[in-house]
Amino acid sequence: MRDLIHRSLNLAQVRGASYADVRVVERQTQSIGVKNGIVESLADDGTLGFGVRVIVNDAWGFSSSNRLTAEEVDRVTAEAVAIARASALVKRKAAQLGPPETHTGVYRTPVEIDPFSVSPQEKIALLLAADAAMRSVQGIKVSEGNLVCLCERKTFGSTEGSFIEQEIIETGGGIKATAVAEREVQTRSYPNSFGRDQACRGWEFILAQDFAGAAPRIADEAVALLSADQCPAGVTTIILDATQTALQIHESCGHPIELDRVFGSEASYAGTSFLTTDKLGVFRYGSDIVNLVADATILGGLGTFGWDDEGVPAQRTPIVTDGLFVGYLTSRETAQWLDQERSNGAMRASGWNRIPLIRMTNVGLEPGAWSLAEMIADTDAGIYMQTNRSWSIDNLRLNFQFGAEIAWEIMKGKRGRMLKNATYTGVTPHFWRSVDAIGNRDEWAVWGTPNCGKGEPSQVAHTGHPAAPIRVRGVQVGMMK
Amino acid sequence: MLSEHQLQALAQRVLGLSQADETEVLLLGQVSRLTRFANNTIHQNVAESNVQVRVRAIVGQQVGVATTDDVTDAGLAGVAERAVALARLQTADPFFTGLPEPDHALSGALIDLGYAEATARCAPEVRARAAGVICDAAERAGLVGSGAFSTVEEAAALGNSLGLWRYHVGTTAKLNTVVMGATGSGWASAASSDVADIHPAELAHEAVDIATRAQNPTDLPPGEYPVVLGSDAVADMLGFFGYVSFNGLAVHEGRSFVASRMGQQVMAPTVSIWDDGRDPTGLPLPFDFEGVAKQRVSLVENGVVKAAVWDRRSAAKAGGGRVSTGHALPAPNNYGALPAHLFMKPGTASREELLAGIERGVWVTRFWYTRVVHPLEVVMTGMTRDGTFLIENGKVTRPVRNLRFTHSYLAAMADVEAISAETKLIESGMFGAVRAPTIRVRRFTFTGATQE
Numbered sequence: 050m051r052d053l054i055h056r057s058l059n060l061a062q063v064r065g066a067s068y069a070d071v072r073v074v075e076r077q078t079q080s081i082g083v084k085n086g087i088v089e090s091l092a093d094d095g096t097l098g099f100g101v102r103v104i105v106n107d108a109w110g111f112s113s114s115n116r117l118t119a120e121e122v123d124r125v126t127a128e129a130v131a132i133a134r135a136s137a138l139v140k141r142k143a144a145q146l147g148p149p150e151t152h153t154g155v156y157r158t159p160v161e162i163d164p165f166s167v168s169p170q171e172k173i174a175l176l177l178a179a180d181a182a183m184r185s186v187q188g189i190k191v192s193e194g195n196l197v198c199l200c201e202r203k204t205f206g207s208t209e210g211s212f213i214e215q216e217i218i219e220t221g222g223g224i225k226a227t228a229v230a231e232r233e234v235q236t237r238s239y240p241n242s243f244g245r246d247q248a249c250r251g252w253e254f255i256l257a258q259d260f261a262g263a264a265p266r267i268a269d270e271a272v273a274l275l276s277a278d279q280c281p282a283g284v285t286t287i288i289l290d291a292t293q294t295a296l297q298i299h300e301s302c303g304h305p306i307e308l309d310r311v312f313g314s315e316a317s318y319a320g321t322s323f324l325t326t327d328k329l330g331v332f333r334y335g336s337d338i339v340n341l342v343a344d345a346t347i348l349g350g351l352g353t354f355g356w357d358d359e360g361v362p363a364q365r366t367p368i369v370t371d372g373l374f375v376g377y378l379t380s381r382e383t384a385q386w387l388d389q390e391r392s393n394g395a396m397r398a399s400g401w402n403r404i405p406l407i408r409m410t411n412v413g414l415e416p417g418a419w420s421l422a423e424m425i426a427d428t429d430a431g432i433y434m435q436t437n438r439s440w441s442i443d444n445l446r447l448n449f450q451f452g453a454e455i456a457w458e459i460m461k462g463k464r465g466r467m468l469k470n471a472t473y474t475g476v477t478p479h480f481w482r483s484v485d486a487i488g489n490r491d492e493w494a495v496w497g498t499p500n501c502g503k504g505e506p507s508q509v510a511h512t513g514h515p516a517a518p519i520r521v522r523g524v525q526v527g528m529m530k
Numbered sequence: 014m015l016s017e018h019q020l021q022a023l024a025q026r027v028l029g030l031s032q033a034d035e036t037e038v039l040l041l042g043q044v045s046r047l048t049r050f051a052n053n054t055i056h057q058n059v060a061e062s063n064v065q066v067r068v069r070a071i072v073g074q075q076v077g078v079a080t081t082d083d084v085t086d087a088g089l090a091g092v093a094e095r096a097v098a099l100a101r102l103q104t105a106d107p108f109f110t111g112l113p114e115p116d117h118a119l120s121g122a123l124i125d126l127g128y129a130e131a132t133a134r135c136a137p138e139v140r141a142r143a144a145g146v147i148c149d150a151a152e153r154a155g156l157v158g159s160g161a162f163s164t165v166e167e168a169a170a171l172g173n174s175l176g177l178w179r180y181h182v183g184t185t186a187k188l189n190t191v192v193m194g195a196t197g198s199g200w201a202s203a204a205s206s207d208v209a210d211i212h213p214a215e216l217a218h219e220a221v222d223i224a225t226r227a228q229n230p231t232d233l234p235p236g237e238y239p240v241v242l243g244s245d246a247v248a249d250m251l252g253f254f255g256y257v258s259f260n261g262l263a264v265h266e267g268r269s270f271v272a273s274r275m276g277q278q279v280m281a282p283t284v285s286i287w288d289d290g291r292d293p294t295g296l297p298l299p300f301d302f303e304g305v306a307k308q309r310v311s312l313v314e315n316g317v318v319k320a321a322v323w324d325r326r327s328a329a330k331a332g333g334g335r336v337s338t339g340h341a342l343p344a345p346n347n348y349g350a351l352p353a354h355l356f357m358k359p360g361t362a363s364r365e366e367l368l369a370g371i372e373r374g375v376w377v378t379r380f381w382y383t384r385v386v387h388p389l390e391v392v393m394t395g396m397t398r399d400g401t402f403l404i405e406n407g408k409v410t411r412p413v414r415n416l417r418f419t420h421s422y423l424a425a426m427a428d429v430e431a432i433s434a435e436t437k438l439i440e441s442g443m444f445g446a447v448r449a450p451t452i453r454v455r456r457f458t459f460t461g462a463t464q465e
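For the record, the sequence lines run as chains C and R. Once you know that position 318 of the first sequence is 367 in the working numbering, the rest is easy, because the numbers rise by one and skip nothing. Once you know that position 40 of the second sequence is 53 in the working numbering, the rest is easy, because the numbers rise by one and skip nothing.
By construction, these hints were calculated from the structure, which means they are not laboratory data. Cβ atoms here follow ideal geometry from the backbone N, Cα and C, with glycine treated the same way. Careful: at least some of the hints might be erroneous.
Unchecked claim - Derived, one-sided and incomplete: chain C residues facing chain R with beta-carbon distance under 8 Å: (1) Glu89; (2) Phe111; (3) Leu138; (4) Val229; (5) Val234; (6) Ala430; (7) Asn448; (8) Thr472; (9) Thr474.
Kindly generate the complete structure, drawing on both the sequences and the hints.
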């Protein structure tokens with residue numbers, strides 16, 4: 050493999066590239082899905098290929114292929130160079146990476162139990178036990194569960210002399226119960242929606258979840274939601290559980306701090322960002338107690354690695370400090386545009402066939418001082434919402450509307466009646482400036498989002514979000530036509 | 014791109030290696046190229062060549078699936094072995110009814126339906142010049158151009174151990190652009206099998222025109238307004254109906270309005286929606302991902318719910334004599350069937366006629382980030398984007414800030430008052446596309462607006 054990488058790097062330079070990097074990526078994904086007591090899917094997906102990224106005439110080119118042969122490496126490298134020459138036809142700004150990043154090394158996700166060492170039978174049994182527990186609740190029409198184990202081995206080499214090998218392991222899973230009645234459908238998920246929670250951890254991550262133990266509760270809740278009262282419309286105090294806070298961070302903090310978006314690189318698709326560069330260091334993003342950090346080094350986060358896909362070491366970067374906006378997620382190129390010394394290592398590609406883009410690492414909220422129970426007890430009137438159901442936000446990442454699977458009314462410091470179809474809406478900085486309580490370290494956890502979309506052609510990234518429950522004052526709730 | 018002969022050889026090799034009772038090999042070949050531009054410059058320019066081999070192995074009624082893009086002998090042997098090994102670990106699937114038998118449901122003429130040599134051979138310089146046309150036009154207008162121009166050649170081939178063989182090769186060219194000024198933006202897009210149908214200068218003119226008119230928007234209070242929804246917005250509606258409502262499995266499980274309202278009038282009498290994977294005015298794929306020939310399925314006829322789509326498994330699960338309509342997704346698939354080639358019947362209205370009679374309403378160029386709030390009623394939320402305008406007394410008068418809506422797409426289709434004669438093809442990925450008109454809707458609920 051090393052030979053093929055060097056062959057490509059040499060050929061790229063011979064053909065005129067001022068910079069080139071090559072990534073060889075092999076990924077194995079095992080996925081299991083059960084539904085209503087039947088194993089509906091048992092799959093083992095493998096992918097192996099390489100991508101060559103070059104700068105020629107100060108412009109970018111990239112090509113990729115699934116065939117790892119010397120002949121194909123030559124063809125793909127030549128194509129990448131030809132594409133870069135075409136890019137140079139419409140060039141207003143030279144592609145520049147700044148000071149070289151030259152690193153060698155090996156990184157492997159630390160795991161206690163290799164998820165691939167656990168037999169599929171054991172995994173199926175775990176899911177079927179939870180599935181049976183959900184279906185034991187009368188009124189459940191659909192019970193589902195899934196597990197995903199992923200191992201990605203990638204090798205990165207560049208004309209600057211980097212040679213990096215990484216093995217990233219991810220494990221994820223979740224269960225879901227759906228109850229159906231005339232004109233109503235309600236779903237509850239555990240431990241998170243989007244099918245699952247996921248982490249750069251081993252099988253121990255799944256064992257700690259106790260799907261079967263949680264199954265009756267979420268099934269009961271799904272059925273109860275069918276006859277629950279509709280979430281009323283109005284302006285009130287809300288408390289979000291940690292999973293919904295994680296989603297709120299992902300959408301309203303993680304995306305707008307991607308510096309490529311800020312500079313317009315995603316304008317035609319994902320959009321831009323309200324966090325323009327004039328706001329860096331001076332804009333009040335949240336209340337004084339809001340501290341947000343992007344940290345690719347934390348144990349187990351879905352955005353944890355050794356080096357990003359430009360070969361820049363993983364880093365911890367303050368994003369919001371005491372409510373003040375202080376940092377972006379950057380690449381080597383955008384760091385130059387912002388006159389920053391170096392990239393903070395947020396370039397990630399979804400596979401060998403995609404270029405790295407600025408993606409979230411583990412963007413999360415630092416813990417506060419409150420337990421969830423204290424937060425509720427301290428709230429005179431409001432709504433407590435759990436587990437994301439729907440999410441929508443505008444192309445500047447300002448105006449959002451999110452829905453929760455389940456909610457409860459809070460009256461005089463106590464959790465009251467259950468509410469269905471709860472939604473809330475707001476504008477990002479107004480929302481975060483209205484946060485007056487944040488969960489403490491006991492309430493804090495790292496959540497994984499395995500379905501973050503960006504880019505053309507599209508890429509799905511896996512991102513991490515440390516989060517705790519938050520209380521927010523004066524929020525519009527209950528949008529339901 | 015591998016030829017049909019080469020793909021068939023790969024499939025035969027896997028079928029020969031498989032120790033399963035029945036085996037299916039789905040091969041998805043792709044040579045895709047995409048040029049992306051922003052800030053009036055090309056900033057990303059990529060290519061990919063790939064073949065994915067997806068093997069479904071059946072042992073008794075146990076099903077295992079393995080995939081690879083390693084097409085070496087070792088890679089193919091490995092994927093065949095892994096699929097069988099997984100099948101042996103499985104429990105029996107009572108709804109698996111066997112693989113499709115060979116038939117003559119598709120003629121050879123469909124093999125390259127939707128294929129254009131010019132698209133398959135499109136050089137990076139062609140895409141770069143198109144990007145340049147848009148960037149130059151934007152720059153001349155004092156605006157900033159961004160967008161993406163892709164040319165893709167895709168082959169889908171499927172063979173199974175019962176002797177079924179399907180093959181199709183198609184192409185897709187797609188160009189979209191967002192042109193931005195300081196306070197507003199405009200959108201234009203086009204898709205076709207043939208890159209010769211993509212006209213960058215026309216798209217540049219359209220996007221620059223919208224962006225120019227979109228500057229300095231004013232606030233519009235949330236509330237209920239009559240709307241004219243552009244083709245891109247209507248395509249979003251049709252796509253979500255396909256995703257949450259017309260999937261037979263969702264109907265069977267009671268998660269779709271179709272379950273309780275089959276045969277009922279749920280949309281305006283002028284609304285007819287169907288799925289047709291063989292219509293050359295879409296982006297055709299004549300068979301589904303288990304090799305069943307795609308049927309034209311009339312989903313809504315004159316506002317009345319007529320049918321849903323099915324794959325073999327969901328049809329067996331629902332029973333009642335249902336059969337696959339040719340809408341399976343690649344295995345393993347516990348989602349159900351998907352209508353990926355949707356069409357909405359055009360009307361007769363011109364742009365002026367769509368606007369006529371609206372005293373105070375909203376023109377929506379397209380929706381953005383739409384999500385399901387309530388699946389049964391297809392209540393959705395999302396934003397407007399890249400050209401939202403106030404309509405006053407039958408005329409588009411001034412731009413307004415992007416609006417958030419929370420509204421039932423089903424209710425909107427019931428309130429359709431007029432449908433344009435023109436339709437537009439909007440590529441939706443996964444070998445699919447939607448052909449949609451522009452529509453006028455009597456009332457639509459906006460629940461907020463972008464503000465800083």
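Quiz item: Should the hint that Asn448 (chain C) touches chain R count as held when the rule is a Cβ pair under 8 Å?
Solution: 5 Å, holds
Quiz item: Minimum Cβ distance from Thr474 (chain C) to chain R below 8 Å?
Solution: This interface hint holds because 6 Å falls under the 8 Å limit.
Exercise. Against chain R, run the beta carbon of Val229 (chain C) and see if the smallest gap drops under 8 Å.
Key: Interface hint status for Val229 (chain C): holds (4 Å vs cutoff 8 Å).
Self-check item: Restraint outcome when Glu89 (chain C) is required to lie within 8 Å of chain R by C-beta distance
Solution: 4 Å, holds
Practice problem: Report holds or violated for the interface hint on Phe111 (chain C), using the least CB-CB distance to chain R and a cut-off of 8 Å. | Solution: 4 Å, holds
Practice problem: Classify the hint on Thr472 (chain C) as holds or violated, based on whether any CB of chain R lies nearer than 8 Å to its CB. | Solution: 6 Å, holds
Quiz item: Given Leu138 (chain C) was flagged as interface, is its beta-carbon under 8 Å from a beta-carbon of chain R?
Solution: 4 Å, holds
Quiz item: At a threshold of 8 Å, is the proposed contact between Ala430 (chain C) and chain R supported by beta-carbon distances?
Solution: Result: violated, 22 Å to nearest chain R Cβ.
Quiz item: Given Val234 (chain C) was flagged as interface, is its beta-carbon under 8 Å from a beta-carbon of chain R?
Solution: With a closest approach of 5 Å, the Val234 (chain C) hint holds.
When each numbered hint is compared with the structure, a violation occurs for hint 6 only.
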